[in-house]
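**Q** Spelled out from the first residue to the last, the chains are:
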Amino acid sequence: MTLGTAWGMGRYGGYVWTCYGITLLALIFLAVVVRRRWQSELKLARRRAGAAARLPGEPTSL
Amino acid sequence: MNWVWFHKLASPPFAYAFARQLRPWLFWPAIALMVWAAYQGLFVVPVDYQQGDAYRIIYVHVPAATMTTVIYSAMAIAGAIGLIWRMKLAHAFAAACALPGAVFAALTLATGSIWGRPMWGAYWVWDPRLTSELLLLFLYLGYMGLRGSIDDIGRADRASAVLAIVGIVDIPIIKYSVLWWNSLHQGPSLSLFHKSAIDASMIVPLLVMMLAYFLFFGAVVCDGLCAEIVRRERNSRWLSELA
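Chains as they are written, first to last, in my numbering: chain H, 452 to 513; chain L, 1420 to 1662.
Derived from the structure by calculation, the hints contain no laboratory data. Just so it is clear, CB atoms sit at the ideal spot from N, CA and C, and this is done for glycine as well. It is possible that some hints are incorrect.
Examples of chain L residues lying across from chain H (beta carbon under 8 angstroms, computed) [unchecked claim]:
{"#": "1", "residue": "Ala-1457"}
{"#": "2", "residue": "Phe-1462"}
{"#": "3", "residue": "Gly-1471"}
{"#": "4", "residue": "Arg-1475"}
{"#": "5", "residue": "Ala-1529"}
{"#": "6", "residue": "Thr-1530"}
{"#": "7", "residue": "Pro-1537"}
{"#": "8", "residue": "Asp-1642"}
{"#": "9", "residue": "Cys-1645"}
{"#": "10", "residue": "Val-1649"}
Construct the entire structure; sequences and hints are all you get.
**A** Printed below as a string of structure tokens:
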């Protein structure tokens, strides 16, 4: 199979490659969004844990 | 049989550590299998005698469609377990399933529409299979919307679990719509109990892609479950120590 025939896919190249492209983007989006949500929840928990551990009157970092 | 490991899964610290450790073991094999199956589907398997190369879309469309119904069923079962046995982790698991389910449903509709244009001459028809799949996408979005609109986690869990359980009626409709009604969508090509309608040379990459989607979903759910556990356990000692 040459590059031209692989790209053309008969006369369905536009449809086939669009579907594979959309799939790739959707899976990357899913993996990144869920991972980021976990990280932001952890960051929030760290902030709360830090605030709880701080002694009353202890200066907060600005 | 020793079921201690199973009961331990109900413990948030154990489930958190388990999901964290399991994730890479699901994610990287999923990527490897996806690349192999996509290569096979695009360049190796023979051209279909009726649909030409357009049929290669099935390698991304069919696994996504399968995932939508499997994920929703898992979500509804987890919701029922959460309601009956008041198991918070079951609700957390259901919540973690919603976004992947919605993305797979949107992907199913998008790739199906693109395949439909050269095959049926239209991107969209109000066919029973397409309409019931669109309804499933709305159920996923409704589930996420309902959960997001209620501040109290306990109430959000119960309300969204009821929605998930009620919505499960759509799953057999999706599955059997092509048999019950005069549908433009083709009938089932894969069957556990009957001979497959797809040639053996074409079916292996499809099954491998399905396995890859399952593993990928598992990896994403591990991340989602960790996020949910952190959100629910913000005030607990074990998380403060971990954080």
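**Q** With a cut-off of 8 angstroms on the beta carbons, see whether Arg-1475 of chain L makes it to chain H.
**A** holds (5 angstroms)
**Q** Does Thr-1530 of chain L pass the interface check with chain H, least Cβ-Cβ distance below 8 angstroms?
**A** holds (4 angstroms)
**Q** Would you check whether Val-1649 of chain L satisfies its interface hint, that is, whether its CB is within less than 8 angstroms of any CB in chain H?
**A** Since the shortest Cβ distance to chain H is 4 angstroms, the answer is holds.
**Q** Taking the closest Cβ pair, is Ala-1457 of chain L under 8 angstroms from chain H?
**A** holds (7 angstroms)
**Q** Does the nearest C-beta of chain H fall within a distance shorter than 8 angstroms of the C-beta of Cys-1645 of chain L?
**A** holds (5 angstroms)
**Q** Is the interface hint for Pro-1537 of chain L satisfied, with its Cβ closer than 8 angstroms to some Cβ of chain H?
**A** holds (6 angstroms)
**Q** Would you check whether Ala-1529 of chain L satisfies its interface hint, that is, whether its CB is within less than 8 angstroms of any CB in chain H?
**A** Status holds, d = 5 angstroms.
**Q** For the hint on Gly-1471 of chain L, does the least C-beta distance to chain H fall short of 8 angstroms?
**A** For Gly-1471 of chain L, the interface hint holds, since the closest Cβ of chain H sits about 4 angstroms away, which is under 8 angstroms.
**Q** With chain H as the partner, please determine if Asp-1642 of chain L meets the hint condition of a C-beta pair closer than 8 angstroms.
**A** The hint holds - Asp-1642 of chain L has a Cβ within 8 angstroms of chain H, the shortest such distance being about 4 angstroms.
**Q** Mind checking the CB of Phe-1462 of chain L against every CB in chain H and telling me if the closest is under 8 angstroms?
**A** Check passed: Cβ of Phe-1462 of chain L comes within 6 angstroms of chain H, closer than 8 angstroms.
Hint violations for this structure: none, all hints satisfied.
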